[in-house]
Structures are given as C-alpha cells and as structure tokens.
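Taken in sequence, the protein lines are chains A and B. Going by my numbering, the residue at position 29 of the first sequence is 31; the numbering climbs one at a time, nothing skipped. Going by my numbering, the residue at position 21 of the second sequence is 23; the numbering climbs one at a time, nothing skipped.
There could be a bad hint or two in this list.
Said to hold, decoys possible - So the derived label-pair ranges between C-beta atoms look like this:
#1 Gly54/B with Gly34/A: 24 to 32 Å
#2 Gln70/A with Ser68/B: 21 to 29 Å
#3 Gly28/B with Pro8/A: 18 to 26 Å
To be verified - Heads up, simulated SDA-like pairs for lysine to any residue below, C-alpha to C-alpha not over 25 Å straight-line:
#4 Lys65/B with Lys65/A
#5 Lys10/B with Gln35/A
#6 Lys10/B with Ile31/A
#7 Lys65/B with Met42/A
#8 Lys65/A with Lys10/B
#9 Lys65/B with Tyr39/A
#10 Lys10/A with Gln35/B
#11 Lys65/B with Lys10/A
#12 Lys10/B with Thr53/B
Unchecked claim - Some, not all, of what chain A presents toward chain B, calculated at C-beta under 8 Å:
#13 Gly28
#14 Val29
#15 Ala33
#16 Ala46
#17 Pro56
For the record, the hints were derived by calculation from the structure and aren't laboratory data. Positions of the beta carbon are idealized from the N, C-alpha and C atoms, including for glycine.
2 protein chains.
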Amino acid sequence: EDSAVPAKAAACVSCHSADGNPLVAGVPILAGQRADYMAMALRAYREGRRTGGPAGVMAFYVKDMSDQDIEEIVQWFAEH
Amino acid sequence: EDSAVPAKAAACVSCHSADGNPLVAGVPILAGQRADYMAMALRAYREGRRTGGPAGVMAFYVKDMSDQDIEEIVQWFAEH
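Turn these sequences into a full structure, and let the hints guide you.
Here it is, written out as structure tokens:
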C-alpha cells in the first residue's frame, strides 16, 4: 500500500517523525502503536480531556480534525 | 539486567502486558515507548490533566505513585 505520508499526517510527522523515532524529546513513538488507542488519545486532545503543557500543542493540531481525519492518521501510524 | 517485572509495574502489566501486546483493546503498547513521554503521561494522570473514560482508570492506579515509582516503571517498559 502507499507508504507515503498522507497529507493529514504531514503535520504529525514534523515531531513524531515517520519512522518511529520522534525528532522531539518527550514526544511519543507512534509507529506501530494501537490505532484504537491513538484515536482515543486524539479525541481526548480535541475534546479538552488532556490539558497542560504538551497537551496544549496537541489540542492546537487536533482542534479541526474530523473523526474521519483521525481514523486516517491513526491507521497510517499503526501500519508504519 | 533483571527482566522480571518490578513489583511496581505488576499492576500495569495486567492490562499493558509485559511483551508489548496489550491484553485490553484501546490500551497503548508501552514496550519500547520513550521513558520521558511515559513519565509525562503518568504525571498528567496523577495530576488530573488527563480525564474521562480510561483516564479515570489510570488516575486510580497512579494516584499514590511517587516520581521515583514512575521513573522505575517507565524505565522498565522503555527497555522491554
């Protein structure tokens, strides 16, 4: 399947990277993580259930994401 | 080094498992995750910066953890 980064995940890759080695300290590895967990985490950021510090950065990136966007992004990271 | 589960991580293993394959859907894989990220996440649960749903379960487990406990647990998962 297409291993190129989907446009929606491009922003994520800037910190989380595309090969599982985050470029930024304290940022979790997403490659191979469970898609259902990542979807729950993104919804938690979007709905303000994760706050403070880095959560604020995530909330900024996630605020306009639809459930469909979230699904696409987490599938990509789970498979890469 | 000793690969046995440290007592403090025993409760974690019941859902997250010790070999990287969580026993429970929606529960993140911790094996090999960044220790600094996991420590930040545990402090967020302990300090109530992650709320709702599964975060409530985590807050229950983390509420009496010291920073030292957290450090020991995240080091173990990062290395296993």
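Hints, one by one, checked against the model:
At about 25 Å, the beta-carbon gap between Gly54/B and Gly34/A stays in the expected band of 24 to 32 Å. Evaluation of the 21 to 29 Å hint for Gln70/A and Ser68/B yields a failure: the beta carbon distance comes to about 42 Å. Between Gly28/B and Pro8/A the CB atoms are about 23 Å apart, so this pair conforms to the stated range of 18 to 26 Å. Of the supplied pair hints, the one linking Lys65/B and Lys65/A is violated, its CA atoms being roughly 29 Å apart against a limit of 25 Å.
Annotation: proposed proximity of Lys10/B to Gln35/A holds, straight-line Cα distance about 23 Å (limit 25 Å). The straight-line distance between the Cα atoms of Lys10/B and Ile31/A is roughly 23 Å, inside the 25 Å bound, and the hint therefore holds. The suggested pairing of Lys65/B with Met42/A holds, with an alpha-carbon distance near 22 Å, which does not exceed 25 Å. Annotation: proposed proximity of Lys65/A to Lys10/B is violated, straight-line Cα distance about 36 Å (limit 25 Å).
A hinted pair counts as satisfied when its Cα atoms are at most 25 Å apart, and Lys65/B with Tyr39/A qualifies at roughly 22 Å. Under the criterion of a C-alpha separation no larger than 25 Å, the hint pairing Lys10/A with Gln35/B is consistent with the structure, at around 23 Å. Simply put, Lys65/B and Lys10/A have alpha-carbon atoms about 36 Å apart, too far for the 25 Å limit, and the pair is violated. Among the hinted pairs, Lys10/B with Thr53/B is consistent with the structure: their alpha-carbon atoms are about 23 Å apart, no more than 25 Å.
With its C-beta approaching chain B no nearer than about 5 Å, Gly28/A sits inside the 8 Å limit, and its interface hint holds. For Val29/A, the shortest C-beta to C-beta distance to chain B is roughly 6 Å, which falls under 8 Å, so the interface hint holds. At about 10 Å, the closest approach between the beta carbon of Ala33/A and any beta carbon in chain B exceeds 8 Å, and the interface hint on this residue is violated. Restraint check, Ala46/A versus chain B: the minimum CB separation of about 7 Å is within 8 Å; hint holds.
The beta carbon of Pro56/A is positioned within 8 Å of a beta carbon in chain B (closest approach about 7 Å), and the interface hint is therefore held.
Hint check: violations occur at hints 2, 4, 8, 11, 15; the rest are consistent with the structure.
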